[in-house]
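Participant: Make a model of the complete structure from these sequences and hints.
Spelled out from the first residue to the last, the chains are:
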Amino acid sequence: MGMTITEKIMARAAGRTSVKAGELVNANVDMIMCHDVTTPPAISMLREHGVDNVFDPEKIVVTPDHFQPAKDIKSAELHKRLDSWAKEKNLPYYYKLGRAGVCHALLPEQGHIRPGEVIVGGDSHTCTYGAFAAFSTGIGSTDLAAAIATGVLWFKVPASMKFVLNGSLGKGVYSKDVILEVIRRIGTDGALYRAMEFVGPALKEMTMEARMTITNMAIEAGGKNGIVGFDQTTKAYLSGRLKGKTDYTVFESDANAPYVHEDTIDCSKLEPMVAFPHLPSNGKAVGECKGLAMDQAYIGSCTNGRIEDLRIAASILKGRQVKIRTIVVPATPVIWKQAVDEGLAEIFYDAGCVFSAPTCGACLGGFMGILAAGEKCISTTNRNFVGRMGSPKSEVYLASPATAAAAAVEGKLADCRNYL
Amino acid sequence: MAKAHVYKRDHVNTDEIIPARYLNTDDAVELAKHCMEDLDTDFVRKAKPGDVIVCGDDFGCGSSREHAVWAIQGAKVGAVIAHSFARIFYRNCINCGFYPIELPGALDKIRDGDELNIDYKDGTIENKTQKTKIKFMPLPDFALNIVRDGGLLEHIKKQK
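Protein chains in written order, with the numbering used here: chain P, 1 to 420; chain X, 421 to 580.
Keep in mind the hints are simulated off the structure, nothing from the lab.
Each residue gets a CB set at the ideal place from its N, CA and C atoms; glycine is no exception.
Careful, some of the hints might be misleading.
Unchecked claim - Capping the alpha-carbon separation at 25 Å, the derived lysine-lysine pairs in BS3-like fashion look like this:
hint, chain 1, residue 1, chain 2, residue 2
1, P, K290, P, K323
2, X, K453, P, K71
3, X, K580, P, K156
4, X, K428, P, K393
5, X, K529, X, K553
6, P, K156, X, K577
Said to hold, decoys possible - Here are a few chain P residues that sit away from chain X, every Cβ distance over 12 Å (derived from the structure):
hint, residue
7, D36
8, L91
9, L242
10, A285
11, Q321
12, E375
Facilitator: Written out as structure tokens, the structure is:
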């Protein structure tokens, strides 16, 4: 029996020639992502336990993102704790306000994600980095503390599920629609404890940005990691971008690797999707739900706040006026500048949107676009749980940037294909 | 005696256990004031130390925030019993020295307000109200050792 790409990476990190799904392994961690909500408690735990050690400063990236710029006194205190620790440890990859961004957009953009590596982060959407043929998963603060101090964590090797993306995406249909369809099919715990491996011709046609939207939402199906194999698109993205170590190892799944589940999606047949409250698995084709009035549109986050997403939204908003509050949040400072340089910021301004500084902001109900009771928001984010973006009586509808932009123009759920 | 607070729900997520609007602190006492707030605004007032939360599938899905476990521990909840747990939440429980009890069919076996007595060593729940004994699958040894030591960091320290 062969091995999947996930198993091969875990075996390499555990110093083994092979591993099987279900085995417990101690794996060396190659990269750790630290942000402002879950890292300050990890730092406190280490101090309380008299541990002053950072296993390898080169393997830690720090960026405040959730509540940056600090939204209130308490979050300012979190930032202060993060800042003083990063400075004290002389961490070379500490992104301060002005260079800090939404972590899962920032780390790949700044060249910290390498294929074949084991990456952990104190954030559930750390699975995003699997788009780069890496094993990447979210952990809590205690695991984060242990990883920072020792560089080693135990893992149960996950069984793999294979999703074959066939065909080609039609006009107005994007990788966000694909992942919402996958989650609709298997449910929010359909991939619990498992690796979700994405393959197929439609995937091969996608940019790295589009692939990251897919792996980003693996956690919304309960997945331990999402993963995509290496190809020329991966190589081209990484070329000239990697910081520190520039070499990496490429692993690929064997032809006879074991999968506990296989599913095929004909991407040519997909329609733009909207996931209704209060689960990401409540996806409906836009044709079934057009006309439902919205109060706000939110375009941003680690799922869909990259330059490609802003370009798509701008292509619909250009020369049009939004009918509802519309908030556009570039995920990183580089994306912010690109959007300004390319004239997208002006398009957003002209259309009546607010164009914000990079932050996780309202995606998780932090700030910069919180919903009142009874309000509905079409959002390019990843979760539509009760109270996710504000009042427990508000509602979040998940969709692609194109679908969110079309809804902003009409003030209600709309088919983006009419604007493309 | 521990009282069961039963929520006939699947996918009770971390935003319901501790909404992100309170994540600007990591103080367990502060977090505990808002434990389960977006699922049941009365929970903190109703729950007595040692009481038990009972739910369906996929408890703790969503965010990796360990704050969810700290809120539950801070509220002095004795145990969470669920049909199944989301992966990161489950791991966070063990790392914090909190025993997550996986019990398929829990919602059929335990009713709201039932008095429970949990024996972690034997893996049994005595439902005093229903006069039944329910077996659950104990944690694997390595996880049990972490819980017994009071969490992952204490466990690592002890091993050194």
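Participant: Against each hint, give a clear statement of whether it holds in the structure.
Facilitator: Structure-based check of each hint:
Only pairs whose Cα atoms come within 25 Å are accepted, and P/K290 paired with P/K323 is accepted, the gap being roughly 16 Å. Distance check on the hinted pair: X/K453 and P/K71 sit about 21 Å apart at the alpha-carbon level, within 25 Å; holds. Taking the CA atoms of X/K580 and P/K156, the gap is about 23 Å. The hint holds against a cut of 25 Å. Of the pairs offered as hints, the one joining X/K428 and P/K393 holds, with about 20 Å between alpha carbons and a cut-off of 25 Å not exceeded.
The hinted pair formed by X/K529 and X/K553 meets the criterion: a straight-line CA distance of about 10 Å does not exceed 25 Å. Restraint check for P/K156 and X/K577: the C-alpha separation of about 22 Å stays at or below 25 Å, so the hint holds. Against chain X, the non-interface label of P/D36 is violated: not every CB pair exceeds 12 Å, the least being about 9 Å. Against the 12 Å criterion, P/L91 stays outside the reach of chain X, whose nearest CB is about 20 Å from its own CB.
Remark: the non-interface label on P/L242 is consistent with the geometry, its nearest Cβ contact in chain X lying 26 Å away (cut-off 12 Å). Listed as outside the interface, P/A285 is consistent with that label: its C-beta sits roughly 23 Å from the nearest C-beta of chain X, beyond the 12 Å cut-off. No Cβ of chain X approaches the Cβ of P/Q321 within 12 Å, the least distance being about 32 Å, so the stated non-interface status holds. The Cβ of P/E375 sits about 15 Å from the closest Cβ of chain X, beyond the 12 Å cut-off, so the non-interface label holds.
The structure shown violates just one earlier hint, number 7.
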